[in-house]
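Please model the complete structure; the sequences and the hints are all you need to start from.
Sequence order for the protein chains is A and B. For what it's worth, numbering that gives the first Met the number 0 labels the leading residue of the first sequence as 0, then goes sequentially. For what it's worth, numbering that gives the first Met the number 0 labels the leading residue of the second sequence as 0, then goes sequentially.
These are calculated hints, taken from the structure and not from any lab test. Small disclaimer: the values here were computed from a predicted structure and weren't measured. All C-beta atoms in this analysis are idealised placements derived from N, C-alpha and C, irrespective of residue type, glycine included. Don't take each hint at face value.
What the hints assert, rightly or not - Pairwise CB distance ranges (calculated):
(1) A:64 to B:414: 22 to 28 Å
(2) B:483 to A:10: 48 to 54 Å
(3) A:10 to B:284: 35 to 41 Å
(4) A:50 to B:191: 18 to 24 Å
(5) A:19 to B:355: 42 to 48 Å
(6) B:370 to A:12: 42 to 48 Å
(7) B:207 to A:54: 48 to 54 Å
Stated by the list, open to error - For the chain B half of the interface with chain A, some residues (derived, Cβ under 10 Å), not all of them:
(8) 80
(9) 81
(10) 92
(11) 166
(12) 211
(13) 212
(14) 242
(15) 273
(16) 275
(17) 283
(18) 290
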Amino acid sequence: MSKELPRQKNNRRWWYLVLIIPFIGTLFPQLYNAMTPTIGGLPFFYWYQLLWVIITGLLTIFVYYVSR
Amino acid sequence: MNATTMVVFVVLFIFVTVLGFYASRWRRSSAANIDDWALAGRQFGTFITWFLLGGDLYTAYTFIAVPALAYGAGALAFFAVPYTIVVYPFVFVVLPRFWSVARAKGYVTAADFVKGRFQSRGLALAVAISGILATLPYIALQMVGMKTILQALGLGGDIPIIVAFAILAAYTYLNGLRAPAMVAVVKDILIYATIVAALIIIPANLGGFAHIFQVASAKLQAAAKPGSVLLSPKLYTAYATLALGSAVALFFYPHAMTGVMASKSRDTVRKNAAFLPLYSLMLGGIALLGFMALAAHVNVNGNNNLAVPLLFMKEFAPWFVGVAFAAILIGALVPASVMAIAASNLFTRNIYREYFNQGASSERQASMAKFVSLLVMLAALIFVIGIPVQFSLYLQTLGGVWILQTVPMIVGGIYTRWFHRTALLIGWLVGMVLGTLMEYTVGFTTSFFALSPGVVGYAGIWALIANVIVVLILSLILNGAKVSNGVDETTVSDYTDEATSA
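Structural data, given as structure tokens:
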């Protein structure tokens, strides 16, 4: 049992790969450099990036729990 | 200036001042050592760390400069959002290892770490010099933020700023990191209140976001130096590399490292990486204020930094202008204080102790660091009074480029000993020289450098790439030739220890 623990912890580190997603979502402006669709008058360029703040927070919280 | 505004502003400022001086009673320790002054005894939990790091990283200058950039250039200003998004996954993975080794070995600065890891005084000096050079203009810019607010309040001249800074220097000297940590809680509550109110009240007053962007877009296009509410495709690489480079550099600024090392556990660091993005959401909202200022037709008279203060004065009730202005001013005090502490730690630990007084006790280091913090504040004050603002701005841009060049040795060192210390030092030097030269050729006025006519990107990233290539090639050669890479004083388990004792 005690021998398996470190290995299990190592496996959990694979979850860190989830954290690459925000980089892909935000560092390619060609994906989101557009006026439409708007939300409440806010151009896509702006609300898309703000949405990624929330997504990234949630992803990090998720990885926090599964990699503990 | 409106009397109500002034009364609210002054009352809040006095409240924060009392708090800053009172902070010494907070979780007091009798120890007069460097850990206690510089890191408040390394005992901050998740909540306080969140406020401290939030107050420390999202500075008053950011609140003024980001919307000012939106006001003047448009969409480019929003790079601050992807920047403060991608920083946290990076922090979540890398910084807990740094926290653990710093706790296990009692490191107070990043330079302490590279010295211990590679047994290299040269690397430690490189980190210390980069850190101090990057921090001084950054403190000066916080003062510029304060000056902008004081000016908008009608408190022109140098006296108000000198008074504010004397108070700040005094409680930083007396109470160390406890003071800004305590003030940060008040500051962040005020800032959140201001931004939430601004985002509810101002768009409604101005006829909604659709109208705001319509007017902003027209005004940006008509400007002498046209901007746009969308990016021009030739700016894609610039936008992405600036966001990425700034993100990678952010937590290796001395003031960020100090905030991380003051937290009480590895878990505190991880939790904060998950919850700090809340500040990024706020920063996005602040960036939008620049467009609102355009739509509200505020007249900045050539000083874009005044966009947000003038917008507030135009759209808020007088008492709330007082709250908002106090929020921004206090927002300058917190980072300025932490930055002064961090810079004096670097000087004391990695220059004074290393080259002038090798046997300095922890108590001696504490009194030295306290004294140096006063000098740092004074230097920054001279900067802001005696030197044109533009100069601080140039230096701050360069500072980011310089901090980025310390990343290979710190992050590399956190994971592996494969990189050779001599390779890391030469790589750093190459990055510093190239980065500075690139900035020099563009006259320090922009962070961007065109590698070839089509490829415009953040100079710091180009320099970092050169730095890393040099490090890789030289490490291969030096390791192959079995040149000594020093003795590592850390062990594998130092990087993963929870170490909740103490």
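Here's how the hints hold up against the structure:
A C-beta distance of roughly 24 Å is found between residue 64 (chain A) and residue 414 (chain B), which places it inside the suggested range of 22 to 28 Å. With their beta carbons about 36 Å apart, residue 483 (chain B) and residue 10 (chain A) fall outside the hinted range of 48 to 54 Å. For residue 10 (chain A) paired with residue 284 (chain B), a C-beta distance near 39 Å keeps the hint of 35 to 41 Å intact. Between residue 50 (chain A) and residue 191 (chain B) the C-beta distance comes to about 20 Å, which sits within the given range of 18 to 24 Å.
The hinted range of 42 to 48 Å is satisfied by residue 19 (chain A) and residue 355 (chain B), whose Cβ atoms lie roughly 45 Å apart. Hint check: residue 370 (chain B) to residue 12 (chain A), Cβ distance near 44 Å, so the stated range 42 to 48 Å holds. The supplied range of 48 to 54 Å is broken by residue 207 (chain B) and residue 54 (chain A), whose beta-carbon atoms lie about 26 Å from each other. With a least beta-carbon distance of about 5 Å to chain A, the hint placing residue 80 (chain B) at the interface is held under the 10 Å criterion.
Checking residue 81 (chain B) against chain A by beta carbon gives a least distance of about 4 Å; that is within 10 Å, so the hint holds. Because the smallest distance between the Cβ of residue 92 (chain B) and any Cβ of chain A comes to about 5 Å, under 10 Å, the interface hint for this residue holds. Violation of the interface hint for residue 166 (chain B) is found here, the shortest Cβ-Cβ separation to chain A being roughly 35 Å, above the 10 Å cut-off. Hint on residue 211 (chain B) holds. Least Cβ distance to chain A is approximately 7 Å, under the 10 Å limit.
Annotation: interface hint on residue 212 (chain B) holds; nearest CB of chain A at approximately 6 Å, less than 10 Å. Here the hint on residue 242 (chain B) is kept, as its CB sits about 6 Å from the closest CB of chain A, short of 10 Å. With a least beta-carbon distance of about 4 Å to chain A, the hint placing residue 273 (chain B) at the interface is held under the 10 Å criterion. A cut of 10 Å between beta carbons decides the hint on residue 275 (chain B): the least distance to chain A is about 9 Å, and the hint holds.
For residue 283 (chain B), the shortest C-beta to C-beta distance to chain A is roughly 5 Å, which falls under 10 Å, so the interface hint holds. Evaluation of the residue 290 (chain B) hint against chain A yields a held restraint, the C-beta minimum of about 9 Å falling below 10 Å.
In terms of the numbered hints stated before, the structure departs from hints 2, 7 and 11, listed from lowest to highest.
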